[in-house]
Amino acid sequence: MEETKKYTAADYKNKLSVRWCPGCGDHAILNTLHKAMAELGVPPHKTAVISGIGCSSRLPYYMDTYGFHTIHGRAAAIATGFKVANPDMTVWQISGDGDGLAIGGNHFIHAVRRNIDINMLLFNNKIYGLTKGQYSPTSARGFVSKSSPYGTTEDPFIPAELVFGARGNFFARSIDVELATSVEVLTAAARHKGASVVEILQNCVIFNNGIHNPITDRSVRAEKTIHLRDGEKMIFGAEGNKGLVQDGFLLKAVTIGEDGYTMDDVLVHDAHCESNFLHQQLAMMDGDKLPLAVGVIRDVASPTYNEGVSMQIEEVRARKGFDSLRDMILAGETWTVE
Amino acid sequence: MLEKTNVKELDKVVVRFSGDSGDGMQLAGNIFTNVSAGLGNQVSTFPDYPAEIRAPQGSLSGVSGFQVSVGTGVHTPGDSCDVLIAMNPAALKQNVKFLKPGGVIIVDIDSFKEADLKKAMFETDDPFKELGITAQVLEVPVTAMTKAALADSGLDNKAVLKCRNIFALGLVCWLFDRPLESAKRHLKKKFAKKPAVYEANAKVIDAGYDYGHNIHASVSTYRVETEDPRPGVYTDINGNTATAWGLIMASEKCGRPLFLGSYPITPATDILHELAKRKDLGVKACQMEDEIAGVCSAIGASFAGNLAVTSTSGPGLALKSEGIGLAVMAELPLVVIDVQRGGPSTGLPTKTEQTDLMQALYGRNGESPVAVVAPASPTDCFTMAFEACRIAVEHMTPVILLSDAFIGNGSSAWRVPEADEFPEIHTPDVPADKLDGSWSPYMRDEHTKVRYWAVPGTEGCAHRVGGLEKDAVTGGISTDPVNHEKMVNIRREKIARIADDIPQLEVIGNCDADTLLVGWGGTYGHLHTAADELNASGRPVAFAHFRYINPLPANTGEVLSRYKQVIVAELNTGMFADYLQAKFPKTEIKRINKVQGQPFMVKELVDRVSEYMDK
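Residue numbers (this note's numbering), protein chains in the order written: chain A, 1 to 338; chain B, 1 to 615.
Derived from the structure by calculation, the hints contain no laboratory data. Idealized CB from N, CA, C, for every residue including glycine. Any given hint could turn out to be false.
What the hints assert, rightly or not - In silico lysine-lysine, DSS-like type, Cα no more than 25 Å apart, as pairs:
#1 A:Lys46 x B:Lys434
#2 A:Lys5 x B:Lys434
#3 B:Lys603 x B:Lys586
#4 A:Lys13 x B:Lys434
#5 B:Lys158 x B:Lys100
#6 A:Lys320 x B:Lys594
#7 B:Lys194 x A:Lys320
#8 B:Lys118 x B:Lys158
Claimed, not checked - Covered by chain B, according to a simulated footprint, are these stretches of chain A (three or more residues, beta-carbon under 8 Å):
#9 32-45
#10 74-87
#11 99-111
#12 296-303
Generate the whole structure from the sequences, applying the supplied hints.
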């Protein structure tokens with residue numbers, strides 16, 4: 001048996017100095033991606049990282065894998081062609097909220113719907129950083145930016161809702177500074193066959209500093225977020241004494257031991273449940289009345305596009321394949337000139 | 001070498017209406033005949049009634065037919081037809097033998113239910129397969145659409161169904177550009193005493209016409225004949241199929257799988273259809289969510305190591321521009337097929353033009369040179385699709401193939417090439433001695449300026465490319481001003497040096513004449529025929545036809561300089577003439593232009609060249 005090489009995070013990292021602003025959340029995500037890749041053990045030359053345009057899309061330059069820094073919004077489409085053409089590669093697609101959900105929104109939903117086996121990382125900082133601070137499709141209504149000096153007059157996308165609307169089968173979320181959670185969801189995304197979307201709440205230190213703080217600041221994070229793990233109770237809070245229970249068709253956060261709620265009432269997370277009804281409710285929690293969910297929220301097996309293409313070719317070729325173009329033509333209607 | 005190609009234009013079209021004897025085929029055929037005669041066409045008809053006045057409905061013995069030949073030089077109703085309308089399975093079975101190779105069948109698919117097939121003695125549920133039909137079949141829901149058109153007419157079901165023939169007539173009027181006003185006048189006369197029936201038929205003929213318009217139905221009213229006397233196996237092929245097959249041949253010759261990323265658009269969609277069928281040859285054809293995803297998926301597939309292609313028509317090429325620029329910058333092989341149609345904007349989707357030349361040459365931001373080639377005839381689509389792939393792969397560049405609606409839909413007899421007739425395509429693989437880590441992505445062949453193509457998955461070649469300018473040596477991102485200019489010049493030079501790798505421009509006809517007639521792309525057949533006629537009538541002309549547009553063949557300037565008068569004929573307002581004029585300012589380029597969505601006619605070419613010669 002061939003000896004399998006053990007890779008370390010350093011094997012996925014190249015020598016270029018990283019050019020993101022000091023303090024940018026992208027640094028942490030890059031490091032966790034290197035770690036996740038080492039944990040997965042897919043060789044660097046069997047790994048491709050494909051990005052669009054924006055700060056986050058610079059990421060491929062800092063990888064010692066195959067990489068393609070493409071054009072604005074199109075990374076998902078380029079990654080789709082790449083994976084169909086070369087299905088043995090593990091493909092990571094990097095986009096920000098502008099790249100993935102505004103200019104590239106169409107490719108995003110279709111990649112998810114088509115279920116191409118790529119890992120789609122969405123760095124959500126709710127701002128356009130590279131163009132110096134315009135509101136993005138995930139900016140809240142009323143958000144003030146250079147292009148919305150009086151506040152926006154439109155509602156944002158919630159990325160998870162788009163994923164479910166496009167019938168996605170993998171959705172996970174992390175926060176840039178939560179390194180262990182990021183490694184956990186990135187490895188789970190890679191292991192999932194099909195389009196895996198990972199939303200990472202990322203801080204833009206220059207143009208949108210602290211946008212996620214109401215949820216992610218250390219002082220409130222335990223109360224404002226919940227880490228979901230498949231098969232485990234949905235528990236959160238600094239004391240670990242809060243949980244999610246069912247309230248009619250909806251969810252409710254309760255304190256165990258209060259109002260008659262016991263641990264038995266607390267729901268158990270089932271990421272593999274085929275119905276996405278509960279997954280959607282979990283993914284839509286925003287840290288206001290209910291804690292924002294991190295971890296793997298949905299992970300359901302389903303047939304992938306690239307396998308479908310490959311299997312159909314095999315099946316057709318087994319049934320009526322030809323060895324060459326000429327054979328195929330000669331099997332049709334022809335005549336001979338002597 | 002390009003085979004001699006003749007275009008027979010507008011001579012005649014044979015249409016055969018067939019259906020049950022109660023379906024009104026004679027009426028539909030008669031009106032089509034009268035409308036055509038009213039346009040000045042010669043007509044000849046052949047009504048083909050069943051022996052029984054009313055044989056059992058849907059039975060083989062009850063089939064009624066009406067064949068009409070319209071056009072010029074029409075002396076007979078024709079031995080066989082270009083278009084066969086079959087209103088039911090029995091009509092199809094009885095009449096398919098009359099269809100010419102390359103003809104089109106239109107069926108009322110609503111009358112192809114199990115019971116209908118049984119009445120016509122079919123043994124399987126696939127009548128087309130059972131009859132061995134390989135022709136193009138337009139499956140039209142004639143009954144359903146007739147019913148829908150007359151939903152509010154107050155007519156009973158029986159009366160409604162009697163209008164199906166007129167729906168078919170409307171569709172045929174669309175196909176051959178017949179004016180409905182004239183057809184309606186004939187209907188009004190026919191139903192003078194039944195105004196309600198006339199109103200119904202008038203509505204239905206509009207519906208049939210609009211249906212053809214909506215689905216972009218088209219048939220070629222031209223026959224392109226290639227004179228290729230070489231012995232061998234022949235088949236009938238249209239330009240779009242030939243294009244698809246040329247790509248497959250190139251894939252075989254370069255040993256890389258063929259990937260197509262595409263989005264449906266008239267008149268290029270048949271290329272997607274054909275390649276989708278060719279899973280039996282391992283082709284990966286992906287219908288993407290839009291034109292941009294079409295080109296982008298192909299770029300991804302190219303980076304991944306496949307022979308990657310995207311197919312489209314003019315408006316789609318506009319959408320793909322940014323993607324093509326990325327392939328220019330990343331120096332990846334990419335074939336972009338543009339089956340040109342009338343523009344601008346949505347323009348004339350089913351009609352032919354050569355108006356995308358400037359878009360192909362220059363339609364991108366920045367200094368963004370690509371190779372451009374243009375097939376000359378339906379069968380040449382095979383050769384030039386192969387050439388586009390060969391140039392793309394061997395020179396690591398996007399190549400735009402400028403086909404057009406006329407040659408894409410036009411068909412012709414084609415000799416199937418022998419296995420060894422086309423050359424191997426050499427992929428610029430990373431040299432083996434560079435796999436030790438000393439390779440960098442923008443290292444290039446000193447002579448051709450071509451960079452190497454490292455297939456992802458190869459150990460020792462992991463690398464990053466992208467749309468940002470790169471350092472000429474290291475391949476890292478660079479904003480250095482001098483480096484940028486150097487890279488611009490390298491990319492330009494790389495395309496220019498393709499000229500060393502393509503055939504020289506040939507001159508045919510009367511090479512010693514004073515006048516050189518010049519064309520490019522799909523007008524070859526008309527121009528060649530016109531040149532022949534001019535020479536035969538004592539007006540000596542030489543003829544040169546371009547299939548390699550950028551770069552031009554190396555001897556272009558020398559050829560042009562040999563003639564006193566150079567006339568470029570093209571289906572636009574003078575794009576290729578301007579292009580040549582800019583490159584060869586010493587030659588005064590004269591022009592013959594037409595922008596009507598129609599091919600040239602030989603006669604108008606002869607007349608206009610003669611005018612220049614007589615000046």
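Against the structure, the hints come out as follows:
| no. | hint | in the structure |
| --- | --- | --- |
| 1 | A:Lys46 x B:Lys434 | holds (19 Å) |
| 2 | A:Lys5 x B:Lys434 | holds (23 Å) |
| 3 | B:Lys603 x B:Lys586 | violated (30 Å) |
| 4 | A:Lys13 x B:Lys434 | holds (21 Å) |
| 5 | B:Lys158 x B:Lys100 | violated (34 Å) |
| 6 | A:Lys320 x B:Lys594 | violated (46 Å) |
| 7 | B:Lys194 x A:Lys320 | violated (56 Å) |
| 8 | B:Lys118 x B:Lys158 | holds (22 Å) |
| 9 | 32-45 | holds (count 3) |
| 10 | 74-87 | holds (count 11) |
| 11 | 99-111 | holds (count 3) |
| 12 | 296-303 | violated (count 0) |
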